[in-house]
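If you count the sequence shown from 1, position 249 lands on 248 in numbering that gives the first Met the number 0, and the numbers rise without skipping.
For the record, the hints were derived by calculation from the structure and aren't laboratory data.
Note that beta-carbon positions come from the ideal geometry of N, C-alpha and C, so glycine has one too.
Take these hints with a grain of salt, some might be off.
[Claimed, not checked] Derived DEER-like restraints, expressed as beta-carbon distance ranges:
1. L19 / L180: 31 to 39 Å
2. D58 / R29: 13 to 21 Å
3. A74 / G215: 32 to 40 Å
4. H117 / E95: 23 to 31 Å
5. G176 / H117: 29 to 37 Å
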Amino acid sequence: MAWRRYRLRWRRRRLVLRGLRALRDLGPVRPLTGPLGAHDIPVFAVVRNEYPRLAHFLDHHRALGAGPFLIVDNASTDETSEFLLRQPDVFLWRTEESYRASRFGMDWISGLMFRHAHGRWALVLDADELLIYPDHERRGLQDLVAWLDGQGARAFGTLMVDLYPKGPILDQDFAPGDNPLRLLEWFDADPGTPFPRPELQLVVRRGGVRARALLGGDRQMAPVLNKTPLVRWSRRHAWLSSTHALLPPRLNRVRGADAGDRPTGALLHTKFLPDVGDRSREELARRQHFVDADA
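Full structure from sequences and hints, please.
Now the structure itself:
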């Protein structure tokens, strides 16, 4: 047990250093040069060709009280960068470097968080994820993090919920700036199959509609549904596997009795818009995502 803790400590330190080195990959387009506000809850994201989703993504999280947005554009070829530069609360970096080699963007995120998120609550999201939590229609993120601070919590867990439309995906109409939730009204009531990872103080959950519709129900190969996107960050923290797992392991205790039965949230996953086929083929050709291009 002591040897395992020692190995995880050294792994965490190596990941922190990787994030700092990865900052060299980022070209400043409109970087953050001054301090954040005392009560800001910054949002960190890596995007590529996400122009159709970005307006609603930003508006949804602004309405919760999140922001500013610190975004890395990974070689977009659409209007992503131009749109983001029109947003006064977006700080932007660009890179042409490999998404896969950066641990699927987490090294870039880690470096930016080391610089800009130490000692504060921060969100890490994909552009196709929309955070919700109990009573989010009436209570903003400031209320949530104040409550978490009062409970001594340092992280807030979620399950990813794959949303999909009624009827064939390609038959749907979606224009840039539209609200994807008006189109994607269906989901599988599947909390996922648990796979305990005691060395990380974590229970991984795999499943969702992608397991049912694309993988023949194979839960061993199914996407991981649990994510911890909201963390009171420290320069000593590290992302181990996207936002699915963190180091030190105590940050992964966000569900169940070990977390004091604290509430959790959901990430509404808006992947299945009409462009999903073209995007998946592009990512398979680029070989920058996980094996099935379903990250």
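Now the hints, each set against the structure:
Between L19 and L180 the beta carbons are some 37 Å apart, a value that agrees with the proposed interval 31 to 39 Å. A beta carbon spacing of about 19 Å between D58 and R29 agrees with the range 13 to 21 Å that was offered as a hint. In this structure the hint that A74 and G215 lie 32 to 40 Å apart at CB holds, the actual value being about 34 Å. At about 28 Å, the beta-carbon gap between H117 and E95 stays in the expected band of 23 to 31 Å.
For the pair G176 and H117, the supplied restraint of 29 to 37 Å holds, since their beta-carbon distance comes to about 34 Å.
Figure legend: structure checked against the earlier numbered hints; every hint is met.
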